[in-house]
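**Student:** Each chain, letter by letter, is given below.
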Amino acid sequence: MIISIASGKGGTGKTTIATNLAVALGPGVNLLDCDVEEPNDHIFIQPEVTYTERISLKVPQVDMNKCTLCGRCQEICQFQAIVVVGKTTLTFPELCHSCGGCLEVCPEDAITEIDREMGIFETGTRDSLEFAHARLFVGQVMAVPLIDRVRAAVQPDKINIIDAPPGTSCPVISSVKGTDFVILVTEPTPFGLNDLKLAVGMVKILNIPHGIIINRSDLGDTKVTEYAQQEAIPILMEIPFDRQIAQTYSTGKLLVEELPDWKDKFVQLYEEVRKYAGES
Amino acid sequence: MQGNRDIKELIVISGKGGTGKTSLLGGFASLASDKVLCDADVDAADLYLILEPEIKKRQDFQEGHRAIIDPDRCTECGLCRDLCRFNAISPDYKVDPIDCEGCGVCVYFCPEDAIDFPIKTCGELFISDTRCGPMVHARLGIAEDNSGKLVTLTRKEARELAKKRGLNLILTDGPPGLACPVIASIAGATAVLIVTEPTLSGHHDMDRVVELANHFEIPASICINKYDLNPDMTAVIEQYGKERGLPIFGKIPFDPIFTKAMVQKQTVIEYDGGCQAAQALRDIWEGVISSL
Numbered sequence: 004m005i006i007s008i009a010s011g012k013g014g015t016g017k018t019t020i021a022t023n024l025a026v027a028l029g030p031g032v033n034l035l036d037c038d039v040e041e042p043n044d045h046i047f048i049q050p051e052v053t054y055t056e057r058i059s060l061k062v063p064q065v066d067m068n069k070c071t072l073c074g075r076c077q078e079i080c081q082f083q084a085i086v087v088v089g090k091t092t093l094t095f096p097e098l099c100h101s102c103g104g105c106l107e108v109c110p111e112d113a114i115t116e117i118d119r120e121m122g123i124f125e126t127g128t129r130d131s132l133e134f135a136h137a138r139l140f141v142g143q144v145m146a147v148p149l150i151d152r153v154r155a156a157v158q159p160d161k162i163n164i165i166d167a168p169p170g171t172s173c174p175v176i177s178s179v180k181g182t183d184f185v186i187l188v189t190e191p192t193p194f195g196l197n198d199l200k201l202a203v204g205m206v207k208i209l210n211i212p213h214g215i216i217i218n219r220s221d222l223g224d225t226k227v228t229e230y231a232q233q234e235a236i237p238i239l240m241e242i243p244f245d246r247q248i249a250q251t252y253s254t255g256k257l258l259v260e261e262l263p264d265w266k267d268k269f270v271q272l273y274e275e276v277r278k279y280a281g282e283s
Numbered sequence: 028m029q030g031n032r033d034i035k036e037l038i039v040i041s042g043k044g045g046t047g048k049t050s051l052l053g054g055f056a057s058l059a060s061d062k063v064l065c066d067a068d069v070d071a072a073d074l075y076l077i078l079e080p081e082i083k084k085r086q087d088f089q090e091g092h093r094a095i096i097d098p099d100r101c102t103e104c105g106l107c108r109d110l111c112r113f114n115a116i117s118p119d120y121k122v123d124p125i126d127c128e129g130c131g132v133c134v135y136f137c138p139e140d141a142i143d144f145p146i147k148t149c150g151e152l153f154i155s156d157t158r159c160g161p162m163v164h165a166r167l168g169i170a171e172d173n174s175g176k177l178v179t180l181t182r183k184e185a186r187e188l189a190k191k192r193g194l195n196l197i198l199t200d201g202p203p204g205l206a207c208p209v210i211a212s213i214a215g216a217t218a219v220l221i222v223t224e225p226t227l228s229g230h231h232d233m234d235r236v237v238e239l240a241n242h243f244e245i246p247a248s249i250c251i252n253k254y255d256l257n258p259d260m261t262a263v264i265e266q267y268g269k270e271r272g273l274p275i276f277g278k279i280p281f282d283p284i285f286t287k288a289m290v291q292k293q294t295v296i297e298y299d300g301g302c303q304a305a306q307a308l309r310d311i312w313e314g315v316i317s318s319l
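Line order of the protein sequences matches chains A and B. For my numbering, add 3 to where a residue sits in the first sequence, where the first one is 1. For my numbering, add 27 to where a residue sits in the second sequence, where the first one is 1.
If we strip away everything but chain B, and leave its shape as in the complex, we get:
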C-alpha cells in the first residue's frame, strides 16, 4: 500500500438495506470535488441510475471455477458424488452449476479425468466518466458468487484511478448486510459512515455494523435518515452514538424529494439544493470530510 497513504476512502454502509446509502452518496458526489466515485454494491448497483456514467472501459470479471462432467469420459464410478460435500452432482452425473462451490475436489480425484474445470466469468467491471467525476462500478452476474472478490477488485480499480488522476478521495457506496461483500468493502478503508433510520430494525442492524467496524478497527460515524418518522427512536440512536463516542453528523428529514430526484436522474443537491434535506446532506458532508 506504499504511496497510497494520502488517498482517503470513505465507505457508506448501513447493515439494513434501503436506508438511503445511494441517495446520500449521490448527494456527496455533487458536493465533493476531486474524487473518484466507487459503487461497491455489486449485487444491486444503483448509483449509475443517478449519475448516468459514460463507460470508458469495461472488463470481464473472471473468478473461480465450475466443474463440468464430460459424459463421454465418465464411467459413473460414483467417487465424485461421494466426495462432493455440496451435493452438487446428480445421480445421473450432472453438476448443478448453482450448487457447485468450485472447490475442485471432484476434478482432482476423478480416476477418468472426466471433469473439466473452466474459469467462470461472474460479472463485469466498468470505468466511467460522470458529470460528478470518474466512477468505477461493476455488475455481478445474476445468481453468481464471488461478490466479495468483485467488491475488492472494484475498490482496487478506484484506487488505481485516483492515483492515476492525482485525486486524493474515494467515495464508496457499500452493500447492505454484514458478511463477505460488506467486509470486502470496508477492509482497509479510512472511515465508514453508517446510514441508519429510526426504526427498531435500523437500530438493531446499525449496532451490528458498528461492531463490525470496531472489529476491523475502522473509525465509524452515523447519520440518521427519515429521522422525523420516529423522533423517540431518533433520540435513542443519538444516545447510543453518544455512549459509544460515535459522531452523529446529521439527521435528514423524511422527504419524497429523494424519490423525485431519483426519477429525474438527479442527485438531491442538483434537484433542489435549497431544500431542508439538501441542507442536511451538506451538514453531514461537512462533518464527514473534516473528520477524514
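If we strip away everything but chain A, and leave its shape as in the complex, we get:
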C-alpha cells in the first residue's frame, strides 16, 4: 500500500498529515519525504539516520584530444547543455537531463560521463517506524532525480506514506505517480479551492483514487465542501483551526503525541483511505 499526501497549494498541512498518520499507525510504516526542496518531516520524526548516500546525475565530459568539433552532440541535445564554441566543446552540467544522447551520437568516442552531485539521500528509523528523505543541494535545479531515489525506497510489504511537494508539475507527478491513493490536503479558501482543483485535475490524469482533508476548516467559506460534493470526492477529515495545534506544529511536535485525541482520528483516517483505495 502506498498513500501519497499532496496539495496544489503549499502550507495546507501535508507534513502534519504525513508525519502524524505515520506515527499513529506505528509499526509496519515507511514514511518517505519526497519534498526534496524543502524537506520537513525529519523535524517532526527526528529519525536516527542509519544510511546516507550522495545522489548524483551523469553528465558529459568531453575529451578535447579526441573531439573533432563536428557538433553532433550539440545537435542532439534538446537542453542546450553541450555546445561547440570556437575550438572547444563546452558543457553546462546544470542544464543536462542525463539522457545520454551526446554520448551515443559522438562518432569519436570523445564523451564520457562523470557524476554531478545534486543532493543527499538518507534513511533512518524512529522506534519501529522507517523513514527516508532526500535533500537537494542549494542552487541545484532538478528535484526529480532525488525524488526518484526516495521513491525507490518504497517497501511493498509495508504501509508507505509519501509526503509530496506542493504544486502540480513534474516533482509532484514523480512523487504521486503509481501510488494507490492520494490524500489532497486543502484549506477552505479561494486559494485553497483553486489549487485543489488543479491537484484533482492532476490525480485524474494519473487515474489514482483520492480524497480530501480540509485543514483550518473553520477559516474561510463553504466552497471546498460544495466542490467535493459536486465532484463526489470523499472528505476524509476536517481539522479546525486551533492555536494549540498551530503551536504544537510550530515547535516540531506531533499532534498524536501532544493531543492524544488525535491518535484515534489518524487511525480512523487510515481506515477511510483503505476503504476508498479498495474501491477503484
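Note that these hints are calculated values from the structure, not bench results. Note that this is a predicted model, so its numbers are computed, not measured. Do not rely on the hints blindly, as some may be mistaken.
Computed list of chain A residues with no C-beta within reach of chain B, every gap over 12 Å [what the hints assert, rightly or not]:
{"hint": "1", "residue": "S10"}
{"hint": "2", "residue": "E41"}
{"hint": "3", "residue": "N43"}
{"hint": "4", "residue": "E51"}
{"hint": "5", "residue": "F82"}
{"hint": "6", "residue": "V88"}
{"hint": "7", "residue": "R119"}
{"hint": "8", "residue": "K207"}
{"hint": "9", "residue": "A231"}
{"hint": "10", "residue": "R277"}
Calculated from the model, a selection of chain B residues having no Cβ within reach of chain A, i.e. all distances over 10 Å [stated by the list, open to error]:
{"hint": "11", "residue": "G91"}
{"hint": "12", "residue": "R100"}
{"hint": "13", "residue": "K121"}
{"hint": "14", "residue": "E139"}
{"hint": "15", "residue": "I154"}
{"hint": "16", "residue": "P225"}
{"hint": "17", "residue": "S317"}
The list that follows gives simulated cross-link-like pairs (lysine-lysine, DSS-like), each with its CA atoms no further than 30 Å apart [stated by the list, open to error]:
{"hint": "18", "chain 1": "A", "residue 1": "K161", "chain 2": "A", "residue 2": "K207"}
{"hint": "19", "chain 1": "B", "residue 1": "K147", "chain 2": "B", "residue 2": "K83"}
{"hint": "20", "chain 1": "B", "residue 1": "K84", "chain 2": "A", "residue 2": "K200"}
{"hint": "21", "chain 1": "A", "residue 1": "K207", "chain 2": "B", "residue 2": "K292"}
{"hint": "22", "chain 1": "B", "residue 1": "K278", "chain 2": "A", "residue 2": "K256"}
{"hint": "23", "chain 1": "A", "residue 1": "K207", "chain 2": "B", "residue 2": "K121"}
{"hint": "24", "chain 1": "B", "residue 1": "K269", "chain 2": "A", "residue 2": "K268"}
{"hint": "25", "chain 1": "B", "residue 1": "K269", "chain 2": "B", "residue 2": "K190"}
{"hint": "26", "chain 1": "A", "residue 1": "K207", "chain 2": "A", "residue 2": "K226"}
{"hint": "27", "chain 1": "A", "residue 1": "K61", "chain 2": "B", "residue 2": "K121"}
{"hint": "28", "chain 1": "A", "residue 1": "K256", "chain 2": "A", "residue 2": "K266"}
{"hint": "29", "chain 1": "B", "residue 1": "K84", "chain 2": "A", "residue 2": "K256"}
Beta carbons: idealized from backbone N, C-alpha and C, even for Gly.
Chain A is already provided as a structure; the job is to place chain B on it using the hints.
**Tutor:** Leaving out everything else, chain B in the frame of chain A:
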C-alpha cells in the same frame, strides 16, 4: 539587459509554501504606485483570484517536445527502448507522455524514422489590466513540465510591459520551494523578500532560501507572518536575521482577516486598511521600497 537598469524587480519567496506570499503581494499591489504585477507561481497561480484581471492578451506557451511512435512505421526493433534512460517506452512501443523527458534520443536513432517529435503546448501566458495596475500571469498545464521556462517568460513579459508603459517597478509573486521554478524566478532580480512563519519548518525552509539568495548574490530581507503564534520562535528568527545582517522589515500578527479579504476578492488593505495586519503590511512595504 541594457536600458533596463532603472527597472527594479522585487520577488516575494518563502521556501515553505503557505506562509502568505500572495496575500502580502496583494497588499503591496494596493500600496505601490507605477508598477507591473507579475505572478511567477505558474504551477498554482493565485494572485488573479484577488485582483480579478481583465485579460488583454493571451498566448500559448510552447516549450519542449514529446516523442510519439507511429505504429505503422515502427518495426519494433527495440533500439529506442534500449536507449531511453527514462523508461518511457512500453514493451508494446507506446511512449508514456508523463515519463517522456523530451530528450529526442529515440527520435534521432530510430532506423525507420518512425518517431514524431512535435512541440508541446505546456501552458498559457496572460497580459492583463487590474484595478491595481497591469499584470502578467500564466498557467502551466496540469502535469506539464518546463515550469522554470514559463517563469522566465512571464518575468520577461513583465519587464517588456514595464518598459513599454514607462513603469520602473515590478512586483513578482514567486513559487514555493528551492529548485528550478524558484531559481528561474529570482535570477537577475533586484531583491527578494522572504516571508516566513515562526515554526521550525518555516525557519528551516527560510534558511535554505537565504542560502539560495546568497548563492545567486541577490540581496534578501525577511518578514515574519503570524508572528504571535509562537513568539519564542519569532525571537529566534529575529536573532537569525541579525546575525546574518538580513533586515527584518516587519511582523504580521495572525489574523483571520487575510482569509476574509481573500473570500471577498480584496487585498487586506482594501478590506480593512486600518487593522493591525494592514498597518504591519504598510511598515513592511515602507522598509522594502526604501531598500530597493
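**Student:** Does each hint fit the structure? Answer for all of them.
**Tutor:** How the hints compare with the structure:
Listed as outside the interface, S10/A is inconsistent with that label: its C-beta sits roughly 8 Å from the nearest C-beta of chain B, within the 12 Å cut-off. Chain B draws E41/A into its interface by the beta-carbon criterion, the shortest separation being 4 Å against a cut-off of 12 Å. Against chain B, the non-interface label of N43/A is violated: not every CB pair exceeds 12 Å, the least being about 4 Å. With a minimum CB-CB distance of about 18 Å to chain B, E51/A clears the 12 Å threshold, and the non-interface call stands.
Listed as a non-interface residue, F82/A fails to keep its Cβ farther than 12 Å from every Cβ of chain B; the least gap is roughly 8 Å. In this structure V88/A is separated from chain B by more than 12 Å, as the shortest Cβ-Cβ distance comes to about 21 Å. No Cβ of chain B comes within 12 Å of the Cβ of R119/A; the nearest lies about 15 Å off, and the non-interface call holds. For K207/A, the condition that its CB be more than 12 Å from all CB atoms of chain B is violated, with the nearest at approximately 9 Å.
The non-interface label for A231/A is consistent with chain B: the shortest C-beta to C-beta separation is roughly 18 Å, beyond 12 Å. Non-interface status of R277/A relative to chain B is upheld: no Cβ of that chain comes within 12 Å, the nearest being about 26 Å off. Once the 10 Å rule is applied to beta carbons, G91/B is inconsistent with being away from chain A; the minimum gap is 7 Å. Under the 10 Å C-beta cut-off, the non-interface status given to R100/B relative to chain A holds; the minimum distance is some 20 Å.
With a cut of 10 Å on Cβ distances, K121/B stays outside the contact zone with chain A, its closest approach being about 16 Å. For E139/B, the shortest C-beta to C-beta distance to chain A comes to about 17 Å, beyond the 10 Å cut-off, and the non-interface label holds. No Cβ of chain A comes within 10 Å of the Cβ of I154/B; the nearest lies about 20 Å off, and the non-interface call holds. Remark: the non-interface label on P225/B conflicts with the geometry, its nearest Cβ contact in chain A lying 6 Å away (cut-off 10 Å).
No Cβ of chain A comes within 10 Å of the Cβ of S317/B; the nearest lies about 29 Å off, and the non-interface call holds. For the suggested pair K161/A and K207/A, the alpha carbons sit about 25 Å apart, so the restraint of at most 30 Å is met. Restraint check: the Cα-Cα separation between K147/B and K83/B comes to about 24 Å, which is no more than 30 Å; the hinted pair holds. A hinted pair counts as satisfied when its Cα atoms are at most 30 Å apart, and K84/B with K200/A qualifies at roughly 24 Å.
Proposed proximity of K207/A and K292/B is supported: the alpha carbons are some 29 Å apart, at most 30 Å. Under the criterion of a C-alpha separation no larger than 30 Å, the hint pairing K278/B with K256/A is consistent with the structure, at around 24 Å. Straight-line distance between C-alpha atoms of K207/A and K121/B comes to about 20 Å, which keeps the hinted pair within the 30 Å bound. For the hint linking K269/B to K268/A, the alpha-carbon distance of about 42 Å lies beyond 30 Å, and the restraint is violated.
The hinted pair formed by K269/B and K190/B fails the criterion: a straight-line CA distance of about 36 Å is larger than 30 Å. For the hint linking K207/A to K226/A, the alpha-carbon distance of about 20 Å falls within 30 Å, and the restraint holds. A threshold of 30 Å between alpha carbons decides the hint, and for K61/A with K121/B the separation of about 26 Å falls inside it, so the pair holds. For the given pair, K256/A sits about 13 Å from K266/A by alpha-carbon distance, which is consistent with the 30 Å threshold.
Between K84/B and K256/A the alpha-carbon distance is near 48 Å, which puts this suggested pair outside the 30 Å criterion.
The structure fails to meet hints 1, 2, 3, 5, 8, 11, 16, 24, 25 and 29 from the earlier list, while all remaining hints are met.
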